[in-house]
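Student: Got chain A; can you put chain B on it based on the hints?
Protein chains: 2
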Amino acid sequence: MKPKLEDVAKLANVSKTTVSRVLNNRGYLSQATIDKVNSAMKTLNYKPNTVARQLYKKQTHIIGLLFPTVANPFFGELVEALEIKLYNQGYKVIIGNYMNDPEKEMHYLDQLLSNQIDGLIVGTHNQNIKQYENAQLPIVAIDRIMNEDIPIIESDNYNGGKMATERLIQQGLTKILHLHGPTDLETPANRRKSAYVDTMNAHHLEPMCYEVDFSLNDINKKETFRQILKEYTEIEGIFVSNDIDAAMILQLAYEFGKKVPDNFKIIGYDGTQMMRNIQPDLTTIIQPIDDMATTALSVLTKRLMNDPTKNEYVLPVKLWEGTTG
Amino acid sequence: MKPKLEDVAKLANVSKTTVSRVLNNRGYLSQATIDKVNSAMKTLNYKPNTVARQLYKKQTHIIGLLFPTVANPFFGELVEALEIKLYNQGYKVIIGNYMNDPEKEMHYLDQLLSNQIDGLIVGTHNQNIKQYENAQLPIVAIDRIMNEDIPIIESDNYNGGKMATERLIQQGLTKILHLHGPTDLETPANRRKSAYVDTMNAHHLEPMCYEVDFSLNDINKKETFRQILKEYTEIEGIFVSNDIDAAMILQLAYEFGKKVPDNFKIIGYDGTQMMRNIQPDLTTIIQPIDDMATTALSVLTKRLMNDPTKNEYVLPVKLWEGTTG
Numbered sequence: 001m002k003p004k005l006e007d008v009a010k011l012a013n014v015s016k017t018t019v020s021r022v023l024n025n026r027g028y029l030s031q032a033t034i035d036k037v038n039s040a041m042k043t044l045n046y047k048p049n050t051v052a053r054q055l056y057k058k059q060t061h062i063i064g065l066l067f068p069t070v071a072n073p074f075f076g077e078l079v080e081a082l083e084i085k086l087y088n089q090g091y092k093v094i095i096g097n098y099m100n101d102p103e104k105e106m107h108y109l110d111q112l113l114s115n116q117i118d119g120l121i122v123g124t125h126n127q128n129i130k131q132y133e134n135a136q137l138p139i140v141a142i143d144r145i146m147n148e149d150i151p152i153i154e155s156d157n158y159n160g161g162k163m164a165t166e167r168l169i170q171q172g173l174t175k176i177l178h179l180h181g182p183t184d185l186e187t188p189a190n191r192r193k194s195a196y197v198d199t200m201n202a203h204h205l206e207p208m209c210y211e212v213d214f215s216l217n218d219i220n221k222k223e224t225f226r227q228i229l230k231e232y233t234e235i236e237g238i239f240v241s242n243d244i245d246a247a248m249i250l251q252l253a254y255e256f257g258k259k260v261p262d263n264f265k266i267i268g269y270d271g272t273q274m275m276r277n278i279q280p281d282l283t284t285i286i287q288p289i290d291d292m293a294t295t296a297l298s299v300l301t302k303r304l305m306n307d308p309t310k311n312e313y314v315l316p317v318k319l320w321e322g323t324t325g
Numbered sequence: 001m002k003p004k005l006e007d008v009a010k011l012a013n014v015s016k017t018t019v020s021r022v023l024n025n026r027g028y029l030s031q032a033t034i035d036k037v038n039s040a041m042k043t044l045n046y047k048p049n050t051v052a053r054q055l056y057k058k059q060t061h062i063i064g065l066l067f068p069t070v071a072n073p074f075f076g077e078l079v080e081a082l083e084i085k086l087y088n089q090g091y092k093v094i095i096g097n098y099m100n101d102p103e104k105e106m107h108y109l110d111q112l113l114s115n116q117i118d119g120l121i122v123g124t125h126n127q128n129i130k131q132y133e134n135a136q137l138p139i140v141a142i143d144r145i146m147n148e149d150i151p152i153i154e155s156d157n158y159n160g161g162k163m164a165t166e167r168l169i170q171q172g173l174t175k176i177l178h179l180h181g182p183t184d185l186e187t188p189a190n191r192r193k194s195a196y197v198d199t200m201n202a203h204h205l206e207p208m209c210y211e212v213d214f215s216l217n218d219i220n221k222k223e224t225f226r227q228i229l230k231e232y233t234e235i236e237g238i239f240v241s242n243d244i245d246a247a248m249i250l251q252l253a254y255e256f257g258k259k260v261p262d263n264f265k266i267i268g269y270d271g272t273q274m275m276r277n278i279q280p281d282l283t284t285i286i287q288p289i290d291d292m293a294t295t296a297l298s299v300l301t302k303r304l305m306n307d308p309t310k311n312e313y314v315l316p317v318k319l320w321e322g323t324t325g
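Those protein sequence lines, which keep their order, are chains A and B. Position 171 of the first sequence, counting from 1, maps to 171 under UniProt numbering, and the rest follow consecutively. Position 316 of the second sequence, counting from 1, maps to 316 under UniProt numbering, and the rest follow consecutively.
In isolation and in its complexed conformation, chain A is listed as follows (with noise of 0.2 angstroms):
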């Protein structure tokens, strides 16, 4: 049988109210209170339920943001979208910064789902969290696919994905390479590779796909891009799936003796605000950054007035016609 607050109670030789007040970090707590409470809980493998936490639940009116990392500009963008829109409707937020630390990921959701903030965005690539299994918490997901309880923000992965391979058949190329992230995400973003692929298939061209490991350092990700243009030779042009390692190749392919666009096209993904400044030239697929930040707000906002939402929300993807590609 499931235990329950009164059990606890009884184990730590406390009150009900003591419990419910531990859970919820409210009131003058001893910490040798606090010690007795949650040895308790772990003895009994406690869970504690809505009830218990909404006995003492106040709002925080703090938003967690869960994203790889604000060193990104695509996630450096988005975070400071959300942001803004969050503080507008009186939250503040904590960030994190993810990038392959599934134990920092687990750390964090254990301290900020008991009762430290109020909800979730969460566009961290960690998997097998079981943290948000039966997070009592309003989530909501961005780019990722977390469980069917938790409803996901997204741009149109496949369409994307189509039209910039599509862009680069039209121009002639028939030899065209894909470079993608880690596929055991469970990402909608891998809907971009899908659709190359199909894209692809249905010109009878023959699909060549590489795997970019997200873990790699900078010096070591220049050594594989390097190895990419000297052993693919035949290759006409690059759809990669982030403007990042789309720019670092193309400053590459000119090492190789390829001319961009004239013997070589490169096509990116993600269009920041910051590469379109920076590097206008190259081509690639605009998320739509702050409609994604819009929307999340507001299927948040849904979720923390307990309003039924959908599983997913799909906004479009718009071309910038660079001269790369």
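No wet-lab data here; the hints were simulated from the structure. Computed from a predicted model, the values in this text were never measured in an experiment. Even glycine gets a Cβ: it sits at the ideal position worked out from N, Cα and C. Treat the hints with caution; some may be incorrect.
As the list claims (entries may be wrong) - BS3-like cross-link-like pairs, simulated, lysine-lysine; straight-line CA separation at most 25 angstroms: (1) A:85 <-> A:47; (2) B:42 <-> B:10; (3) B:42 <-> B:104; (4) A:2 <-> A:36; (5) B:2 <-> B:104; (6) B:10 <-> A:318; (7) A:47 <-> A:104; (8) B:36 <-> B:4; (9) A:104 <-> A:175; (10) B:85 <-> B:47; (11) A:221 <-> B:4; (12) A:259 <-> B:259; (13) B:221 <-> A:85; (14) A:302 <-> A:130; (15) B:85 <-> A:104; (16) B:42 <-> B:130; (17) A:221 <-> B:318; (18) A:16 <-> A:47; (19) A:221 <-> A:259; (20) A:130 <-> A:310; (21) B:16 <-> B:36; (22) A:85 <-> B:104; (23) B:318 <-> A:222; (24) B:221 <-> A:318.
To be verified - Calculated from the model, a selection of chain A residues having no Cβ within reach of chain B, i.e. all distances over 12 angstroms: (25) 6; (26) 35; (27) 104; (28) 221; (29) 228; (30) 282.
Said to hold, decoys possible - If you only want the chain A side, here are some residues facing chain B, beta carbon under 8 angstroms, derived: (31) 87; (32) 89; (33) 273.
Tutor: For chain B alone, kept in the frame of chain A given last:
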């Protein structure tokens, strides 16, 4: 005479403990009580002192990071480095983006400084935020001069400005323009401009400075850069105070028949990892972002322990030898 906690309790007709609870947001409190106490504090213009706050003070293990915008890669990489290092010391971070929004900064501070965080790392650009003056909280500034009680972490802006200017002069340029941010901001970054002016004067060359407004949107900024390239026909090179602007000018230069580096040279500033990856041609001054984050954290830790700190920590910069200048 300065109003005391007792005075607030008397006017609100509650106990001193209740006032302290409201101040520290601890224990069960009805909204009516909270409103009564807040109203009494406002009437008396009561400022909580440390003792009142510490009566119920508890560590939140949250640090606030206030920066202009994480969408700019310099701040994105800095905030990421700070967040990761703070996590490793057991802290979570609340962020705020305050580009040109002093009201938002003030509003956050009113809330954060009360008792939601243990400390603050600030790199915002807004002026005259009175809340910092008597803050009872450990604060560290990055690239911002606040007051003599708040230590500053910065890179060696003067030497960076000197290195950039001397490099252009050594390459035979005599007509060099310097683009910088608003000089009425109290930031050590202004020393880049001083160094430029001093270095030009030392070589008997005429300094030419142009101030770029931070509040320009991207379209207006691009238009401003076009105007500069159009009007300053005689200049042979530009030293720009940040890489994003430098990269935008590099893009626009071609429109005006300028060939970089043949008849026009550009040097930027910041040298983020991202820019060195995607635009390695851009000559720039590298700020030691990771060292700045490490130092900020070690100084903040000293403040949290009430250990003495220096007023200013200056870290060395490096030249990134690109091909643009």
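Student: Work down the list of hints and note, for each, if the structure agrees.
Tutor: Hints and how they fare:
no., hint, in the structure
1, A:85 <-> A:47, "violated (33 angstroms)"
2, B:42 <-> B:10, "holds (14 angstroms)"
3, B:42 <-> B:104, "holds (20 angstroms)"
4, A:2 <-> A:36, "holds (20 angstroms)"
5, B:2 <-> B:104, "violated (28 angstroms)"
6, B:10 <-> A:318, "violated (63 angstroms)"
7, A:47 <-> A:104, "holds (21 angstroms)"
8, B:36 <-> B:4, "holds (16 angstroms)"
9, A:104 <-> A:175, "violated (41 angstroms)"
10, B:85 <-> B:47, "violated (33 angstroms)"
11, A:221 <-> B:4, "violated (61 angstroms)"
12, A:259 <-> B:259, "holds (18 angstroms)"
13, B:221 <-> A:85, "holds (24 angstroms)"
14, A:302 <-> A:130, "holds (24 angstroms)"
15, B:85 <-> A:104, "holds (12 angstroms)"
16, B:42 <-> B:130, "holds (17 angstroms)"
17, A:221 <-> B:318, "holds (23 angstroms)"
18, A:16 <-> A:47, "holds (15 angstroms)"
19, A:221 <-> A:259, "holds (21 angstroms)"
20, A:130 <-> A:310, "holds (23 angstroms)"
21, B:16 <-> B:36, "holds (13 angstroms)"
22, A:85 <-> B:104, "holds (12 angstroms)"
23, B:318 <-> A:222, "holds (22 angstroms)"
24, B:221 <-> A:318, "holds (23 angstroms)"
25, 6, "holds (21 angstroms)"
26, 35, "holds (15 angstroms)"
27, 104, "violated (6 angstroms)"
28, 221, "violated (8 angstroms)"
29, 228, "holds (16 angstroms)"
30, 282, "violated (9 angstroms)"
31, 87, "holds (6 angstroms)"
32, 89, "violated (13 angstroms)"
33, 273, "holds (6 angstroms)"
The structure fails to meet hints 1, 5, 6, 9, 10, 11, 27, 28, 30 and 32 from the earlier list, while all remaining hints are met.
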